[in-house]
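Peer 1: Required output: the full structure, derived from the provided sequences and hints.
2 protein chains.
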Amino acid sequence: MIELGQGSLTIVAVIGAIAVAALAFAVVLRRQVLATDEGTPAMKEIAGAIQEGAKAYLTRQFRTLAIFAVIVFGLLFLLPAEPEIKLGRAIAFLFGAGFSAAIGYLGMSLAVKANVRVAAAATRPGGRSEGARIAFRTGGVVGMAVVGLGLLGAAGVVLVYRGEAPAVLEGFGFGAALLAMFMRVGGGIFTKAADVGADLVGKVEQGIPEDDPRNAATIADNVGDNVGDCAGMAADLFESYAVMLVASLILGKAAMGEQGLVLPLIITAIGALVAVLGVLTTRVRGEESGLRAIYRGFYVAAVVGVLLAALATFVYLPGTFADVPGISEALAGQPGDPRLIVSAAVLLGIVLAGVILWLTGYYTGTTSRPTLHVARTSRTGAATVVLSGIGVGLESAVFTAGIIAAAICGAFLLAGGSLSLALFLVALAGCGLLTTVGVIVAMDTFGPVSDNAQGIAEMSGDVDAAGAQVLTDLDAVGNTTKAITKGIAIATAVLAATALFGSYREAVDVAMGEIAEAGTQVAGGIVGAMVAYDITSPITLVGVILGGATVFLFSGLAIDAVTRAAGAIVFEVRRQFREMPGIMTGETRPEYGKVVDICTRDSLRELATPGLLAASAPIAVGFGLGVGPLAGFLAGAIGTGVLMAVFLANSGGAWDNAKKLVEDGLHGGKGSEAHAATVIGDTVGDPFKDTAGPAINPLIKVMNLVSVLIAPAVVQMSVPADTNHALRIGLALVAAAVALGAVLASRLRAVRAERDDERDDSRTAAGVL
Amino acid sequence: MIELGQGSLTIVAVIGAIAVAALAFAVVLRRQVLATDEGTPAMKEIAGAIQEGAKAYLTRQFRTLAIFAVIVFGLLFLLPAEPEIKLGRAIAFLFGAGFSAAIGYLGMSLAVKANVRVAAAATRPGGRSEGARIAFRTGGVVGMAVVGLGLLGAAGVVLVYRGEAPAVLEGFGFGAALLAMFMRVGGGIFTKAADVGADLVGKVEQGIPEDDPRNAATIADNVGDNVGDCAGMAADLFESYAVMLVASLILGKAAMGEQGLVLPLIITAIGALVAVLGVLTTRVRGEESGLRAIYRGFYVAAVVGVLLAALATFVYLPGTFADVPGISEALAGQPGDPRLIVSAAVLLGIVLAGVILWLTGYYTGTTSRPTLHVARTSRTGAATVVLSGIGVGLESAVFTAGIIAAAICGAFLLAGGSLSLALFLVALAGCGLLTTVGVIVAMDTFGPVSDNAQGIAEMSGDVDAAGAQVLTDLDAVGNTTKAITKGIAIATAVLAATALFGSYREAVDVAMGEIAEAGTQVAGGIVGAMVAYDITSPITLVGVILGGATVFLFSGLAIDAVTRAAGAIVFEVRRQFREMPGIMTGETRPEYGKVVDICTRDSLRELATPGLLAASAPIAVGFGLGVGPLAGFLAGAIGTGVLMAVFLANSGGAWDNAKKLVEDGLHGGKGSEAHAATVIGDTVGDPFKDTAGPAINPLIKVMNLVSVLIAPAVVQMSVPADTNHALRIGLALVAAAVALGAVLASRLRAVRAERDDERDDSRTAAGVL
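Protein chains in written order, with my numbering: chain C, 213 to 981; chain D, 213 to 981.
A couple of the hints might just be wrong.
Repeated chains share a single entry, so a pair holds when one copy, or any two copies, can fit it.
[Said to hold, decoys possible] Here are the simulated lysine-lysine pairs, DSSO-like style, with alpha carbons at most 30 angstroms apart:
1) K872 <-> K415
2) K325 <-> K872
3) K256 <-> K872
4) K806 <-> K267
Think of the hints as simulated: they come from the structure by calculation, not from any bench.
Peer 2: Structure below.
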């Protein structure tokens, strides 16, 4: 075990203490939120139903995912590594997964208490700023928990494993990412199945408004906001945090030794401090929009973060690369001042966060041209709404991807041609981006809380027109902040994935070295191309195509799962209307719980397919085609993934807010044909922005980490001249069969769903309805 | 100049003769088509208007494009090459562009005469098979012309330039691709602006049926079918043919010398022969569907093509690689029988064509599950139609991309680890694919001709119910064949682009060799990464992201252009209804010509932005980041491009046919809410399948050939240690400014369009309407 110096250990211990302090601050904030008024009895009753549903879902989800986690835990032991690392990595995997789940649960459990408090606040004078404050502080709790647990986990692993920490941390990051992906997909399907299903029967068939208590799916819809947008996104951001840290520590150690390992922890610890500042300074002043206040909090945190990070860097690092203790040979002669270069990389990351914030706000905000344009196209019907939203989404994806690419270019140029430094700087830019993550999580949680508050207000009927307007405004702000978070999350995915190429190469190089050392002959021919990272080779290009295809398939599966699950909701709600005529007249209370149960059952069933695809696709490509094409696969997945994720998130955000604009009176207002057109756009956008789009972020990370983990095994099974290729190809075929089998199973479910559908039809035709 | 042997020259001359014979056969077929009955006077009048509009548009388009062509012709002289090659390449560019334009014009000019003949045939007994025959033979003329001119051009260049032909052929391919891209984009915008605009005012606002003569946009809609789906696609397929041949000749010469240069010509000449067979054997028997007959023709041609190609290969090539005269050193020791390996590669390409045909037919045909599923979702409204169509599109894109990737893998495995042979085999697989192109073009042209025939029938009122049903069936077949052609076209794009990486590398290597020979020092540091093809380098990854982003931006621009141009049509049609009340009652004939003029003006204006983007993006990336990232850019564009192209084409095809299914009586039939929902889906799909999607194919080729052409200049300006990087970066910035400026100009047009729109609104509000 490589030892760390006493000074470094002290710093890491201090960072651990900061992590604990961040968690303590989260507890304080939580008390503040819970101390506010809980609202009228009607509100409390509705909120109670939502709480119950959300807890029931998450508990069942965790039970299902625990099985997955145990299987993966076992599989991790099959991969080649030193026994000690193997065990540590597997345990770290469980911790990563556990923390991810805990953050999700925590986010949900507070959000379901905060929603009713925001609704209650809106009924009081000064409700605007008070409501925004509660919603934002709720987010603050989750944000501080993300930062605190992420930092605690990383610092803990470093304290225990010292110089061996990076390999163990891969397990931590993988656990966090895998669980987050499942939570994102499962929660995303739940929330949008309920939402779309509720709209299809409620708005389309029965002509009753959104969140009308007569609709049996409304409670499920609100539960969905909490398990998808809140728990799912919190786990996702935790995972972004964890994986980014993992990548930085690995690359930092490789490039700059001990100091490189500790530096990223220092930067993110600063992020924890400025997050406190950001949460405390976010306050809506007078009549200003909630978005403005949130932006202010973000920018304050960002500017202070840059200054503190630069200060820490200048104190911690020496003035030349040669003076960095334990610097890699390649970097010892690197010109330039490492303090300046590192500070510039961190700045790059923070600026990137700011630009994404602005760009996403521009594309999805209710006051800027793109959303107004989408709203405008509602006058020529739903088709133009859909097309204009797609246009907005595509354009915003290009510019967002472009500036992320520019940030990577910047880090690359700072490194002056050194690949290992460039990768570390990309990771540091990611850490810079992460210094804002506390505020970002707070912003994001704002979304589902205010959405829920509006639902509770509508269902209880206890909020007057002025209060309702306050909640509508908050909800619109939430739509934009949710889109922003997705932009930031995907940016961390790209940076982390780019940086992880460094650990990928290292893993491959180590494995190649071992083969050479053992004196085994290395095979030539096709194997040569299998281990080359040559982008112009046809087989690498095949990897790129398959990587992009996986993103497309994953998105398609997620969207289809929502459509299918929504169909089941439609039958159930229809059945309730049919069998209980009292519902429509308001005499009978619909059976909300049944719909929640169906959502729970279906989303747990549907999350397996995309999950298995994500885990097995890189295994199939890696063992089937080699580590070179697998690198191509990752590059293709990153390139297509970032574009697709932003496209889906922003077109969805623009449609949602375009609908809000029309509901606020533009182009005919509620009930007009323009409104109907924007409702269609919004429904199309639902699975885009809340199921498929955000799940691409953990997808990329899961595929990346799976690749890093299997790379040594692939090399061992393909490179020696006397190797038995049958086993390797057999493994690839099994993985491909798992992926295709999962897709096929989902197709069969679709066919079964259509059959049920026909049965429902014939019953309706027989006059039962 | 490297000489070719007498034997080779004789073979090439024979191939030239086959090309001329193919053109002669086209003339014969054309006569047959024109000999059929022209229909009633009303039909003739409508067809006359369509002819006039289509000719006027193409003429104006060519005038605009001639300016572009002349500019590019000039720019080609600025790129480094030997003077003789420079001139030859520039002239070949003009020929390529000219042939592309000629094919487009020819396709259009015959289609506008065939449409009315198909409509007339439908009124007679046995109309089904007679109508299908005329439509398919019209396609046959275009198909034979594509094959004949492509082969003639390539054979001509080889005869004149002998061993230097490959470098000159780059110009030929580039000209063909550039012109085809503009024709695809311009025609695509025209056809869909008219179609969408007509639908929005006609179906949505006024509630009159499609192709109703009272709608001023109907003639423009039918003109659009001819200039977009027919002329655009014909030029596009010609371009596919030309670029694939170019890639094969270049790689064949590099890998296997003289025989490698001639072999691809032999394979494609066989394609010309079997195309004749395919066209002649396609005949609808009794009550079978038109699609079945077309499939039969295709499969007959494919099987005969495989057999003839294998026979020719066995006659032409020796039994070992070492015996191939002029074989490259690297391949002299290659094990295996070249005759078997080459035949297998050709077979791979033909099988790929067959699988794509089947797969596309499955996803978009009216009798298979996916389209039936989309039609089914119409019962829950437009949102689910849009979502299910997107799901179908995404899934089909993944499987199509997957099998193209599998074909590349197959070629790679056949090559047994030799990169240069692998690239040549990929190109030969492409040639195999192309042996079916004659039949494919015929299938494609079938689409607009039958679509037009239906329009003419509807407008003239001279076709009875039975005849109308015949035409509806033919039109549905056309929707599927159009989707199939797009699948095949994008497959050729991927294969050609993969193969062109070979010429790209060669161009770079030659330029690097020249620098080394001149004794100039080679710069290290950042430049090292700029010339490495390392997929794991951050800067290459930036290239991949930017490549994907270009495809997204291009697609978004094309879709937006359609929405915007459709808006202008909406105003004009509204104005005519407002100012001429006699239109609605049928007393006044609308001014069809005005709408055609607007479509012409707008699509010529709108085609510049995506065109400039395609040409300048690789220049910006290449000069800005280097040849390594440029290779990444191409890989990203190919990977994202193939997925996006198939997604857009097939979701559009599925929506169109789902609408047809509902119109045929499913789920409530015409006029039901389900019908309205599928109309929305179809309108969303219009710019997907006929504007953005198919233009991605030439886009990829244009970007590829631009990259091949600029690669030597990039190396010369970046690699020498004493180079002045300012000029290189300046060039990159200019190119980036051109691309962004074009995007900005299109945004400004959008703002202006919205302002016009508001003016129109206020006029409507003032009660003028």
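Peer 1: Can you give the numbers of the hints that this structure goes against, from lowest to highest?
Peer 2: Result: no hint breaks.
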